[in-house]
Amino acid sequence: QQKVQQSPESLIVPEGGMASLNCTSSDRNVDYFWWYRQHSGKSPKMLMSIFSNGEKEEGRFTVHLNKASLHTSLHIRDSQPSDSALYLCAASDSNNRIFFGDGTQLVVKP
Amino acid sequence: NSKVIQTPRYLVKGQGQKAKMRCIPEKGHPVVFWYQQNKNNEFKFLINFQNQEVLQQIDMTEKRFSAECPSNSPCSLEIQSSEAGDSALYLCASSQADYAEQFFGPGTRLTVL
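Here the protein sequences come in this chain order: B and E.
With the numbering used here applied, the first sequence covers 36 to 145.
With the numbering used here applied, the second sequence covers 5 to 117.
Incorrect hints may appear among the rest.
[Said to hold, decoys possible] Taking lysine-lysine and the BS3-like style, the derived pairs with C-alpha atoms no more than 27 Å apart in a straight line are:
no., chain 1, residue 1, chain 2, residue 2
1, B, K77, E, K22
2, B, K77, E, K48
3, B, K102, B, K80
4, B, K38, E, K22
5, E, K31, B, K80
6, E, K7, B, K80
7, E, K22, E, K43
8, B, K102, E, K48
9, B, K91, B, K102
10, B, K38, E, K48
11, E, K31, B, K77
12, E, K22, B, K144
[As the list claims (entries may be wrong)] Under 10 Å between C-beta atoms, here's a sample of chain B residues computed to sit facing chain E:
no., residue
13, D66
14, Y71
15, Q73
16, K80
17, L123
18, A125
19, R132
20, G138
[As the list claims (entries may be wrong)] Not the full set, but computed from the structure, chain E residues with beta-carbon under 8 Å of chain B:
no., residue
21, E46
22, A92
23, L95
24, D102
Rather than coming from a laboratory, the hints here were simulated on the basis of the structure.
Yeah, the Cβ is synthetic: ideal placement off N, Cα and C, and Gly gets one too.
Just chain B, with the same shape it has in the complex (with noise of 0.2 Å):
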């Protein structure tokens, strides 16, 4: 079973919107969360991370988490042609092991 389920698995948002982007964990033991995004062609880049309850902006990004209930979520505001890419969501569990979801792609359409 994926141990990290993002949703939706594609989104379209128009340029000047807002993207929201969610991704879950079924293990109880995770604690850490990132967000990474891949520009076709590319490889995956961090863009945030997070560890504690409540939220974290940076720019444009958002991101929140809710520990209890293993939820966090990216949200791009007034959104560019450039954030078109896949993002990616990570999360650590104690014993230090990494687990990747599947992805959300994002096109934000002019």
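We have chain B; now place chain E onto it with these hints.
For chain E alone, coordinates are given in the frame of chain B:
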């Protein structure tokens, strides 16, 4: 920018052939990961090392895949007998610790004919 080096960038093998790819982690990063990303962009963890020791590996890796990270040499991932289903992008990443940010190399794209 990531300084993880992967070679070769492209690899073409026939079924049953060995396929070997290499990775040089960023300087000062003792933890190295190998991932397989298929044509549907599904990401699969294969194995990770801390210095020369295996930390975790999946069952698939234990059968046809072998990997090592010798001291003072590149890390390597080798598929003993390639199958068509092994065609994928193989990504190497390194980090300062298990739970730290991972920096990815450009990947080796393996095609098994």
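Okay, the hints, checked on the actual structure:
no., hint, verdict
1, B:K77 / E:K22, "holds, 26 Å"
2, B:K77 / E:K48, "holds, 17 Å"
3, B:K102 / B:K80, "holds, 24 Å"
4, B:K38 / E:K22, "violated, 31 Å"
5, E:K31 / B:K80, "holds, 18 Å"
6, E:K7 / B:K80, "holds, 12 Å"
7, E:K22 / E:K43, "holds, 21 Å"
8, B:K102 / E:K48, "holds, 24 Å"
9, B:K91 / B:K102, "holds, 14 Å"
10, B:K38 / E:K48, "holds, 12 Å"
11, E:K31 / B:K77, "holds, 21 Å"
12, E:K22 / B:K144, "violated, 43 Å"
13, D66, "holds, 9 Å"
14, Y71, "holds, 8 Å"
15, Q73, "holds, 8 Å"
16, K80, "holds, 7 Å"
17, L123, "holds, 6 Å"
18, A125, "holds, 8 Å"
19, R132, "holds, 5 Å"
20, G138, "holds, 6 Å"
21, E46, "holds, 5 Å"
22, A92, "violated, 14 Å"
23, L95, "holds, 6 Å"
24, D102, "holds, 3 Å"
In the structure shown, a violation is registered for the earlier hints numbered 4, 12, 22, in ascending order.
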